[in-house]
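S.K.: Below are the chains, spelled out letter by letter.
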Amino acid sequence: MIKTDAVNFRLIIATLFLVGFPQLGLTKNSLAVNTEDLRPFVSGSYQQIQKKHQNSEFLVVLWSLDCPPCMTELKHLGELHQQYPEFKLVLIATDNRDRNDELQRALTLYGLASVESWGFADNYIEKLRFEIDNSWYGDLPRSYFFAPQQRVIRLRGALAKEKLHTLFKRNSDKNMAAVNGNEPN
Amino acid sequence: MLLGKYNHHKYVNGLLLPLIILVTYALPAASEMMKHKHISSMKYSEESAACDPAQVAPSLACAKAPSAEFDNEGQLWVIWSFGQHLYLSSSSDKGINFSTSVRVNLTPENIAARGENRPKIALDQQGNIYISWTRSLSKPYTGDIRFSHSRDGGKHFSAPVTINDNRDIITHRFDSMSVTETGRVYLAWLDKRDKVKAEEQGDNYSGAALYYTYADIYTSPHADTYAYNGNIEFQPNMKIADNTCECCRLAMVLDRNALPIIMWRDIYEDNIRDHSLVRFINENKAAPSTRVSHDQWQINACPHHGPALSINTDNVIHATWFNDVAEDESTVVDNVAPHTLNNHIPGKHTLFYARSTNDGATFSEPVGFGNYGHAASHPYVIALEQKVFLVWKEFDGKETHIQQMRSDNGGVSWSHSTSIAVTTGQSDHPLLIRDQSQAYLSWQTSEEGYRLIALKNNALDTFQ
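Those protein sequences? They're chains A and B, same order as listed.
Residues in the first sequence are numbered consecutively from 1, following this note's numbering.
Residues in the second sequence are numbered consecutively from 1, following this note's numbering.
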């Protein structure tokens, strides 16, 4: 049914454009459905993501359609992405990419359609998890913040919006300390 | 041979019922029957083309999340999902060869069939077969609890019925089932009707609620007439607990009074996801629940890890669960390839076992087990008199192992952990079942298909 809904939704959007109502104000981030598939996340993808963004700070968020707290997190992420579009965010859905329509629909709903998004594309999920974090047992959502000096901060569960906001706007070590209150030093 | 046993069943020998069965089920079911062989080379995931329901015939090797039980005669019964149908297969040689498979639901429907939320099977002393599952609905996290049964040895099944008496398109999921020797069916599940109600009134409600019902399928005065037309009369749904975790399997066993004991991942205070247990004073009255784990794992997330329970004739309750308290909520991790990390950290565990000798009022100090650095997960427990087996999953970077520990003294002390099965592809949660004298691992993997592996009963020589 969801897939059907997604198709219907696309049809509605396509129809609106075809009949000449693009002026309805459908912004790219709010309603337009990204028709491209999610990038296939396979063995080696995580290293590829790290390499690609190695010169900047970025936040990787792992999520799933089967995870109610993930939706709360996506909502906050969408709002912060609108506020700080320059902040590098990478989303990885642990659902198989055969649920692409549902995944895209959720991303679109929360204004995250334009964010770099991946979807698990290997059924051997233990291996994919292990490459991300060998002590990750599958709980969702979870995030990894790639900070300077090769530091990675593991963040578990749905993050409070205030905590995410601190991450998004951080540009100093002072802010970093506020984010990472548990860092052993 | 096996079916002959059921031909003598008092209900099957009636005049009316065979006629109903013939007209309603036997003819369409006959066309649904198919010869099934164990095809080990096929992938069980429907994501792979080799198991695409649109392209291949149903097979256990391609099934998602099968569950199994033995009957009193030692026959293995496996319920499995493929496409939008449930199928039942049986084996008289401990899972080497399987019989013809039979469709349970003749009308297709979406069936939840993943590790934590999977179809269930139970049998009573007469060999009647009971099946429960969650039917997925149109919105995320929504479902209905479904039930069907067979009184002729799995040849025919009753029309599936929905058990939850709230029919909103909301969460009624994660069914758990126990059946007494005389055929009373207990069902419990996670239900969000109270959350919806609270939120409509502007209140917050964390998690879901634990609901419960039961039915006496064969002792009801109307049993002969309603058994196969779907008009099964379960008791009105009863709420057992509020604010439970919403995405973890439940565990249910029967105590010495044939009443359920249910364990679930609960929510304490502010998102502390510890476990609770409830037993029943009678079938209509639950005792106050008790807290089993005190790990204080605080997380606003879906752990996707429910507990497991087993109980023995000595009434000792064996419980196992996952709580990832070994890892802080926010920590700096080394930005290095995982395989270069020191995997095993002694004393650091996420899996726990505890036992209760007073009907669940209190539990022993939990024993931690499993290799933390190998993502030890999804523990299961089964007791066979004084022998108690624990199995769980680990991944060492290349292979997935099912690890096992055994106790020969009712869970007081434990052997070292050993690997009893391995795979190099996708795999299901490990489950344990038992017959009269032996415990078995029931495990589905994409590379090897369905496997039933006997757990060794020989004397232990090493204890922790």
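Note that these hints are calculated values from the structure, not bench results.
Just so you know, even glycine gets a beta-carbon here, dropped at the ideal spot from N, CA and C.
Some hints here could point you the wrong way.
[As the list claims (entries may be wrong)] Here are the simulated distance ranges between beta carbons:
no.: 1; chain 1: B; residue 1: Gly-74; chain 2: A; residue 2: His-53; range: 56 to 66 Å
no.: 2; chain 1: B; residue 1: Ile-169; chain 2: A; residue 2: Glu-162; range: 41 to 51 Å
no.: 3; chain 1: A; residue 1: Lys-88; chain 2: B; residue 2: Glu-385; range: 55 to 65 Å
[What the hints assert, rightly or not] In silico lysine-lysine, DSSO-like type, Cα no more than 30 Å apart, as pairs:
no.: 4; chain 1: B; residue 1: Lys-139; chain 2: A; residue 2: Lys-75
no.: 5; chain 1: B; residue 1: Lys-197; chain 2: A; residue 2: Lys-161
no.: 6; chain 1: A; residue 1: Lys-127; chain 2: B; residue 2: Lys-197
no.: 7; chain 1: A; residue 1: Lys-169; chain 2: A; residue 2: Lys-127
no.: 8; chain 1: B; residue 1: Lys-348; chain 2: A; residue 2: Lys-127
no.: 9; chain 1: B; residue 1: Lys-398; chain 2: A; residue 2: Lys-52
no.: 10; chain 1: A; residue 1: Lys-51; chain 2: A; residue 2: Lys-169
no.: 11; chain 1: A; residue 1: Lys-75; chain 2: B; residue 2: Lys-197
no.: 12; chain 1: A; residue 1: Lys-163; chain 2: B; residue 2: Lys-398
S.K.: Does the structure keep B:Lys-139 and A:Lys-75 at a Cα separation of 30 Å or less?
M.R.: Within the cut-off at roughly 18 Å; holds.
S.K.: Within 30 Å, alpha carbon to alpha carbon, are A:Lys-127 and B:Lys-197?
M.R.: 41 Å, violated
S.K.: Take the C-alpha atoms of A:Lys-75 and B:Lys-197, compute the straight-line distance between them, and say whether it is at most 30 Å.
M.R.: 23 Å, holds
S.K.: Take the C-alpha atoms of A:Lys-169 and A:Lys-127, compute the straight-line distance between them, and say whether it is at most 30 Å.
M.R.: 33 Å, violated
S.K.: Cβ-Cβ distance between B:Ile-169 and A:Glu-162: within 41 to 51 Å?
M.R.: Because 33 Å falls outside the window, the suggested range is violated.
S.K.: Check whether the Cα positions of B:Lys-197 and A:Lys-161 lie no farther apart than 30 Å.
M.R.: Holds, at about 26 Å.
S.K.: Is the gap between the beta carbons of A:Lys-88 and B:Glu-385 within 55 to 65 Å?
M.R.: 58 Å, holds
S.K.: Taking the Cβ atom of B:Gly-74 and the Cβ atom of A:His-53, is their distance within the range 56 to 66 Å?
M.R.: With a Cβ separation near 58 Å, B:Gly-74 and A:His-53 satisfy 56 to 66 Å, so the hint holds.
S.K.: Just to be careful, I want the Cα atoms of A:Lys-51 and A:Lys-169 compared with a cutoff of 30 Å; is the pair within it?
M.R.: 23 Å, holds
S.K.: Would you check the hint for B:Lys-348 and A:Lys-127, treating anything up to 30 Å between C-alpha atoms as holding?
M.R.: 21 Å, holds
S.K.: With the threshold set at 30 Å, check whether the alpha-carbon distance from A:Lys-163 to B:Lys-398 stays at or below it.
M.R.: 35 Å, violated
S.K.: Starting from B:Lys-398, check that the Cα of A:Lys-52 is at most 30 Å away, please.
M.R.: 25 Å, holds
Hint compliance for this structure: hints 2, 6, 7 and 12 are broken, all remaining hints hold.
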